Amino acid sequence: MSGKSMMEESAIGLDEQMGATYGAGRHTLKPDAEHESQILEVAIGPQHPSTHGVFRMDVQLDGERVVRLKPVFGYLHRNHEKIAENAAYLAAIPYTDRLDYLCSMTNNWGYVLAVEKLVGIAVPERTEYIRVIMAELTRFQNHSALVGFLLQDMGASGTPLMYAFREREKILDLFEAVSGARMMCNYLRFGGVRVDCTPEWLEETRQLVGRLPRFVDEFERLLRGNEILMARTQGVGVLPRELAVSAGVTGPMLRASGVNYDIRKVDRYGIYDRFKFRVPLGEHGDVYDRYMMRVLEMRESIAILEQALKEIPDGPVQDPKTKVRGLRPKVGEAYGRIESPKGELGFYLISDGTMNPYRYRVRPPCLINLTILEDMCLGLSVADVVVTLGSVDIVMGEVDR
Amino acid sequence: MSSPSIDPVGVDVSAEAIRAALVKGVPGCEATVVENGSPSAQHSLLLDHEHAVEAATFLRDHAEFRLDFCSNVTGVDWPDKEVTEKVKVTKVVDGPDGPKEQQVEETRKTLIPGYLETVYHLFSMEKKHGPVILRLRTANRGEGNHLPSLTPVWRSAEFQEREAFDLFGIVFDGHPDLRRILMWEDFTDHPMRKDYVPPEEDEPVMDDGCAPGSSAEQGAAGQ
Amino acid sequence: MLGEGIVKGLIETARNFVGSYVDKDRLVTVQYPEERNPLPEAARNFPFLLYDGDDPEAGLRCVSCHICEKECPPRCIHIEKSTDKKPDFVGKQQFYPKVFNIDVSVCMSCQICVEVCPFDAIRMDKEFELSTDDRFGGLLWTKKELAKPNEYYQKIHPMEAAETDARRAEELKQTQAKAAAAAAAAAAKAAEAAKAAEAAKAGNGAAGKEPSA
Amino acid sequence: MNGYFAMATGLAERVDQIFVTFDHWAVTNTPEPLRWLVSILLIVVPILAVFPGLFALTTVLERKGLGRIQNRYGPNRVGPYGLLQPIADAVKSLTKEDVVPRTADGVVHYLAPLVIVSTAFLAYAVLPVGRNMIAVHLDAGLLFFFAIGSATELAVFMAGWSSRNKYSLLGAMRAIAQMISYEVPLILSSIAVIMIAGTLSPEKIVLEQAQYTGIFPHWYVFTPWGFAGFLLFMTAAAAETNRSPFDLPEGESEIIAGYFVEYSGFKFALFFLAEYLEIFAVSGLGITLFLGGWSAPLSFLAVIPSWIWFFAKLLVMIGVFIWVRGTMPRLRMDQLMNFAWKFMLPMALIDMVCAGVWRFLPGGALWVVLRWLICAAIIVVPYVALARGLEQGRKIEQRVYRYAEEG
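Chains as they are written, first to last, in our numbering: chain A, 1 to 401; chain B, 1 to 223; chain C, 1 to 213; chain D, 1 to 407.
What the hints contain is simulated information worked out from the structure, not anything from laboratory work. Hints should not be assumed to be uniformly reliable.
[To be verified] One-sided and incomplete, this derived list gives chain D residues near chain A with beta-carbon spacing under 7 Å: (1) Q70; (2) K166; (3) M328; (4) P329; (5) R332; (6) Q398; (7) Y401; (8) R402; (9) Y403.
[To be verified] Some chain A residues near chain C, calculated using beta-carbon distances under 8 Å: (10) P94; (11) Y95; (12) A177; (13) A181; (14) E218; (15) L222.
Keep in mind the model is a prediction, meaning the values are calculated, not measured. Backbone N, C-alpha and C fix where the C-beta goes; we use that ideal spot for every residue, glycine too.
Take the sequences, apply the hints, and build the full model.
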């Protein structure tokens with residue numbers, strides 16, 4: 001068989017230098033010594049239906065078993081941080097929309113929170129509620145989309161994805177009605193939000209939130225007990241607790257490994273200490289747990305939304321004395337972080353007293369959650385790699401920045 | 001000087017307290033508190049290179065601090081600064097009536113060498129406190145751009161240190177897999193440095209449309 | 001593991017299959033070119049420049065202050081200031097933009113220009129069917145393409161426009177009142193001065209002929 | 001009254017046999033030297049016309065059906081209700097550039113789609129689509145069908161290997177493993193039918209079932225072994241034709257399109273066509289074996305022509321395939337193999353045993369219920385045991401989740 005030579009010639013083959021540039025590879029599994037087998041090198045991506053954007057995994061396969069996997073990214077790199085450092089504080093907000101383009105509201109919040117810490121801005125009561133409402137709607141739509149994508153990766157021909165998008169559309173319509181754009185909301189401002197939401201909008205949101213549990217129920221009926229789903233996800237892509245902590249994995253992925261760490265509870269930023277909600281925890285840390293974390297968190301988001309929509313007070317959304325434009329913070333630095341749907345989204349700002357941030361850093365949860373992709377995927381088949389990657393929930397806009 | 005991040009259990013994780021513990025726990029460790037003037041009051045600790053890994057391990061395993069979660073790792077570029085100051089010097093000046101000592105104002109330029117810095121934001125997942133901020137500084141921005149890697153202590157630093165290597169050019173000694181991460185392998189410069197000059201664009205850029213005299217502008221004007 | 005989950009899932013998809021024929025809530029697709037969802041008032045796409053009255057040149061509100069140019073995150077605005085001045089809506093002499101270009105291929109519809117404009121001169125449009133085969137010329141909008149009358153603004157953003165118009169009317173009223181007051185004061189002063197002059201003239205035996213201003 | 005009935009039956013009979021009569025008329029009215037040609041053409045042309053036509057219809061139905069399952073419209077732009085979509089698709093695939101990878105093995109790469117389509121068509125030779133409507137009267141028709149069905153594997157491997165693409169190769173590897181594994185339960189589950197019917201001829205199997213007790217037909221699917229056999233057969237058929245949830249060889253989310261990833265334009269369309277032809281053929285065989293072929297489901301419905309019944313059943317089967325595709329995630333390779341060898345194969349064997357028991361238990365009045373119960377037990381007990389065994393030590397279950405305590 002001329003298998004080996006064919007592999008080397010093949011169009012998607014990695015260049016011969018791969019071994020040299022990548023070193024021995026720390027995590028490499030040794031191919032089966034007894035049965036001498038040929039290693040097949042496959043580049044999954046950057047143009048691949050299941051890499052969630054332009055993301056590449058350089059995979060070495062023994063049969064269909066993965067013996068090495070190296071994530072490669074940067075295809076979408078635009079040096080977001082440099083752009084923000086060359087612009088005023090306000091001008092960075094629309095750029096944060098484009099980080100994780102599914103969750104612009106939470107991205108705004110993370111950045112705005114960091115600036116508020118850096119300058120010391122107080123936030124009006126009503127704004128805090130609006131922010132919570134927006135963040136939880138965002139979390140809901142992100143999680144529903146993720147579950148859809150995950151099932152799509154598993155080959156469910158788009159049905160769950162379409163159901164997820166059906167509901168997501170309604171949430172995006174709400175975003176558009178208040179902020180003017182469906183995805184690139186650019187809604188939050190330092191110490192406030194750009195415009196107040198109308199009572200009609202709140203009423204509409206209440207009605208939608210009332211309908212959302214029905215959607216989660218439908219989703220669960222469709223999939224929760226599905227034997228194929230369970231067989232495909234249980235015990236696959238296991239992330240042990242210790243590794244998850246050490247690798248700085250955050251968000252639903254961390255909680256699926258059984259670590260109780262939700263920044264909404266830990267930092268109590270905004271007004272999250274006023275709401276009653278629970279933090280679901282997984283036990284096995286496999287793909288199924290990660291999937292279920294998202295489903296359960298959707299329910300908790302609904303609970304928060306119901307409370308917030310009931311309690312939201314009247315009042316101003318922005319202190320007119322707060323300077324939004326032409327901000328010149330004192331020399332210093334601040335790190336602000338929130339629980340974005342993907343994990344801990346942090347913004348680290350250093351001010352040198354000028355109009356532009358001296359250093360603007362995004363702590364992207366997606367990128368850091370990818371650190372342990374190889375550890376999770378070794379020994380799995382290609383099909384499981386795709387599913388495991390799907391359960392990490394990455395958005396390349398944020399990974400590559 | 002209280003940090004805003006005193007956890008509910010009551011462990012003081014302010015920079016001062018950490019410094020005290022470090023000096024006691026890691027012999028020879030030099031830790032300096034770097035003050036932060038902003039209202040966030042997140043003060044940080046500057047560590048020396050030799051004891052950085054040891055200190056990090058100490059903080060991670062310390063029964064009270066348990067800083068097991070290294071959240072954010074990033075580089076900061078502090079370029080060489082030229083400080084111009086006016087100094088009064090006495091000089092011997094040739095006057096009309098012979099040499100004479102005279103007070104002369106002179107501008108003197110001093111070059112303050114820059115450095116690259118990495119900042120680590122630590123939290124504790126177990127104790128739920130933080131942030132504790134560590135800083136490491138390189139000797140200079142040229143050859144002495146080496147820093148000890150903290151990836152052996154916290155795995156989460158792996159990609160982020162690679163990013164700092166890629167974008168800032170900080171070399172982390174002891175990093176298991178130090179390659180470029182966002183830029184491509186053949187790229188030579190470090191784009192996040194303050195003195196970075198982008199290569200000539202071969203693609204139309206945003207200014208093409210707006211800048212006066214550009215082809216698009218002329219086309220529009222010709223209409 | 002006996003297949004009941006699969007059967008449950010099959011029932012759910014069957015329900016959706018039937019539901020898509022009877023339940024409007026399930027079939028949310030909008031058949032775009034024929035059907036259109038009304039855009040909410042807040043919807044934004046690309047900026048345009050407002051002018052008052054009928055003449056886009058004379059009525060243009062922009063005073064060429066360059067604030068939006070500086071604040072624009074992707075820097076897609078290019079303004080060149082005029083050398084002469086023209087009166088604005090309250091009659092004050094202001095500069096106007098000789099060139100005002102927006103490269104909408106770069107614009108990211110963030111609305112920051114609108115927020116920072118102190119003269120209510122730039123607003124967001126809702127028009128989104130803008131495809132063109134000319135990448136550079138077709139997407140570089142000059143003053144001519146950008147200028148839209150206030151009535152258009154009132155049509156697409158009625159609530160916002162009403163608020164802006166009210167504010168501007170108030171401003172105009174205040175300016176006029178101020179001007180009137182100033183004029184009155186000036187008139188009174190002039191009258192007084194004239195009186196005094198008259199008195200002086202009367203004292204001098206000469207008659208003042210000039211009318212008071 | 002009776003006269004009308006007789007007339008109606010006669011008319012129905014005539015409509016039922018209209019194609020056969022036409023065939024006969026055409027052949028007898030052709031001059032002797034050309035008869036062989038006409039008789040061949042009259043067999044080949046309808047097959048070449050009807051089934052690709054059905055394929056065109058199915059692509060629309062599938063997309064519209066999936067669309068409705070997913071709460072969207074599906075194609076509705078070309079023609080009324082989007083029914084002319086296949087024409088647009090055909091024009092598109094014909095006018096598309098035919099890309100052949102530079103490193104591909106040109107000849108094999110070119111041959112693969114032709115081989116797969118021609119073998120797919122051959123299977124229709126032994127499929128009775130109506131009363132007396134079968135292309136070739138083969139006594140060992142079933143054997144021929146399975147033999148031809150296996151030939152598609154060759155084409156699949158040709159495509160996968162000649163493309164010189166790793167995804168193609170992986171897809172071909174998967175396809176070969178899967179097709180060979182599932183051929184075993186596919187054939188074994190039809191053996192039960194052969195045992196009962198005592199013949200390998202599809203025509204005779206249908207005739208065996210086209211009898212009625214009262215108004216109810218003697219379809220094999222209404223017996224415990226037949227029901228189990230039918231499910232086994234259709235499951236294996238889904239795997240054999242790479243339909244969801246067994247569409248691993250072309251799993252688009254993993255290996256993009258599997259063995260035909262390097263095909264474009266019309267060659268891709270040929271693969272697509274072949275795939276659907278196989279689905280129709282194997283569904284048709286399932287109908288023939290278990291659902292009474294062209295026979296009417298209730299005796300008085302026999303007035304409707306037999307070929308209408310066949311195609312109606314076929315459409316129902318296609319509908320079920322679409323429905324399943326819209327619901328299920330895909331299995332993994334090892335799970336697929338486990339399922340084939342640890343579940344499907346034993347179940348097919350047990351089904352054969354069950355058919356034997358059914359055959360030799362007396363059919364008296366007292367025994368009717370007892371025979372049913374015994375045979376059902378023979379199926380159900382191993383089913384539960386084997387299904388549990390599939391978990392392979394791993395506990396696969398619905399989990400209950402805990403929540404963090406308020407701290």
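Checklist line | Earlier hints that do not hold, by number | finding: none
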